[in-house]
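Number of protein chains: 2
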Amino acid sequence: MIEDKNPQRTSIAQLGEFGLIEHLTKNFEINQTSTIKGIGDDAAVLNFADKKVVVSTDILVEGVHFDLAYMPLKHLGYKAVVVNVSDICAMNAKATQILVSIAVSNRFPLEALEELFDGISLAANEYKIDVIGGDTTSSQKGMIISITVLGEADENEIVYRNGAGQTDLLVVTGDIGAAYMGLQVLEREKQVFQVNPNSQPDLDAYTYLIERQLKPEARKDIRTLLHALEIQPTAMIDISDGLSSEIMHICKQSKVGCNLYEDKLPLDPQFMNVCEEFNLDATTVAINGGEDYELLFTIKMEDFEKIKGNPNFTIIGHMTQESEGIHLVTRANTRIPLKARGWNALSEE
Amino acid sequence: MIEDKNPQRTSIAQLGEFGLIEHLTKNFEINQTSTIKGIGDDAAVLNFADKKVVVSTDILVEGVHFDLAYMPLKHLGYKAVVVNVSDICAMNAKATQILVSIAVSNRFPLEALEELFDGISLAANEYKIDVIGGDTTSSQKGMIISITVLGEADENEIVYRNGAGQTDLLVVTGDIGAAYMGLQVLEREKQVFQVNPNSQPDLDAYTYLIERQLKPEARKDIRTLLHALEIQPTAMIDISDGLSSEIMHICKQSKVGCNLYEDKLPLDPQFMNVCEEFNLDATTVAINGGEDYELLFTIKMEDFEKIKGNPNFTIIGHMTQESEGIHLVTRANTRIPLKARGWNALSEE
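Residue numbers (our numbering), protein chains in the order written: chain G, 18 to 366; chain C, 18 to 366.
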């Protein structure tokens, strides 16, 4: 492949703020019937008719939430949307619109922002959400992405964190831990690259893990699946900070305890292999590694038959009385108090 | 006054992300009937019933949008909310909720964030809006504040930028230019302070200008006033980047031209005095200086009688056919093409 040694670099200052927003969003289409007016006025205008509105926001900071050394800008744009959509899925609602604000230092040319917005556009199409507003400005250092997402649902569909009952079953979608191990693989490759920039990494053994880290998906399908199964979860949350941290949120807000079973954790074979390669305990990674964007929810015991054997769901535990506490039940059948060691953007490492 | 030489400094890392959000938002009350669920779940839940929803977002970056050398954190928090509420006022809608995301470097202790949130809380009370969500994280450098604001209105009340007719009158609320001159005064004092930290500034002659810069207000009263006068504006925008820039937005989107009359511009006496002191042309500053957060709107000619003599409003011009262009008509009755020299966060200075 012949590399372009002089990729085009257009200064964002050349376009100015209005020109930039117009340029970056010109290909965005409006698909949601609830969007009356998108980008181009002081505010967007929406009509949710008789639906309730759910809204959430996330801010992503370069060097804290992402590292552009191994995160391509297009993937970053995609993931920034997914992370937000996932919060709407966790309410059992349908994501409908996003607003995207970007602050970037002048080290980023227009072409970099185009890459980023390509990823945002790709995710908007995939999740059928409208980009209805945003803001673009310069930063003193690095890139900051702030996204607000709106969604809709009927009032009786919405699932909060605080509805879990003392005998409910704890269910997780997909598998967990892979995104965290994907990050470990990428971090290792970055170190290798820094020592020897000519090394050609062979990442075939890690494709699933890397994809989980670089191109996660929000589980928008679960709402439809649960609806078809006639299951209304009692509590729900998405796994962004790590399973144990999310379980503790549900327990705290629902005033219940929990037994989580180690032998029930849904782990991908590639994940287990790479944990071994890295000399890491798979269970510890699975319950503390974040960024899976799977959904964790509780259902009434009587819904067990509806969900049993469904490949989309794994029952990983059950809720208890609050006084019993929150425990991991190991394969050796010992009960260990669960601690939230999830990822914390403010911790000093 | 005895200064505390050792003000308390609590590291934000000590609290962690969840603790921090809980701590900073624990005093926030829910006042809007449309807020079903605020902070504390994956997303907030809102019920706008038969109202339309308006939503806007703004990102403020230290060193780009504000300078903490003369902007106290409490004022910054207040202003960050006002800037967003102003966008909702510019749709002729009522602001109802905000989401607040903050990224800060570790140079800010908890006490600094408390100051900031005190200002946010003050503005939330003043504008009767609920703080329903947000995100708090660390940054590599400086402080970044990203706020999304939601509001509501009946569909027929909402005013866009694109509805101005060819013979409509152009109206502005309050007076303009003062916020920009307030910034000039503060910048000058900063320079003086850097040369001589013991100098005691006498700012009595500048209080109005400084207040317009440090504690602007959004014109939430205008919606009520216009309703009482039975006036429905044909187009509306808030003055954040400067009058000329905003006029051009309305003209472009409404496909009309405009004559703006220099002798009609509403200028405060203090503003005019200080322009003279700074050797600046008052008209140039008034039409290009931003951050006034007044409202600029167009009304049908037949509404002239309803607005005439009302101290809240000044008719500063009229719209024309698009082909006639956009002009400033000077006191000497010459027509000068208007250019948008408004503030641009992306420009290289």
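These are calculated hints, taken from the structure and not from any lab test.
Some hints could be false.
For identical chains, the list gives no copy identity; a pair is met inside one copy or between any two copies.
As the list claims (entries may be wrong) - Think about it this way: if two alpha-carbon atoms lie no more than 27 Å apart in a straight line, the pair counts; the simulated BS3-like pairs of lysine-lysine are:
| hint | residue 1 | residue 2 |
| --- | --- | --- |
| 1 | K43 | K269 |
| 2 | K232 | K54 |
| 3 | K323 | K281 |
| 4 | K325 | K207 |
| 5 | K317 | K272 |
| 6 | K281 | K207 |
| 7 | K91 | K68 |
| 8 | K232 | K323 |
> Among all the numbered hints in the text so far, which are the ones the structure does not match?
Replying inline: 2, 4, 6, 7 and 8
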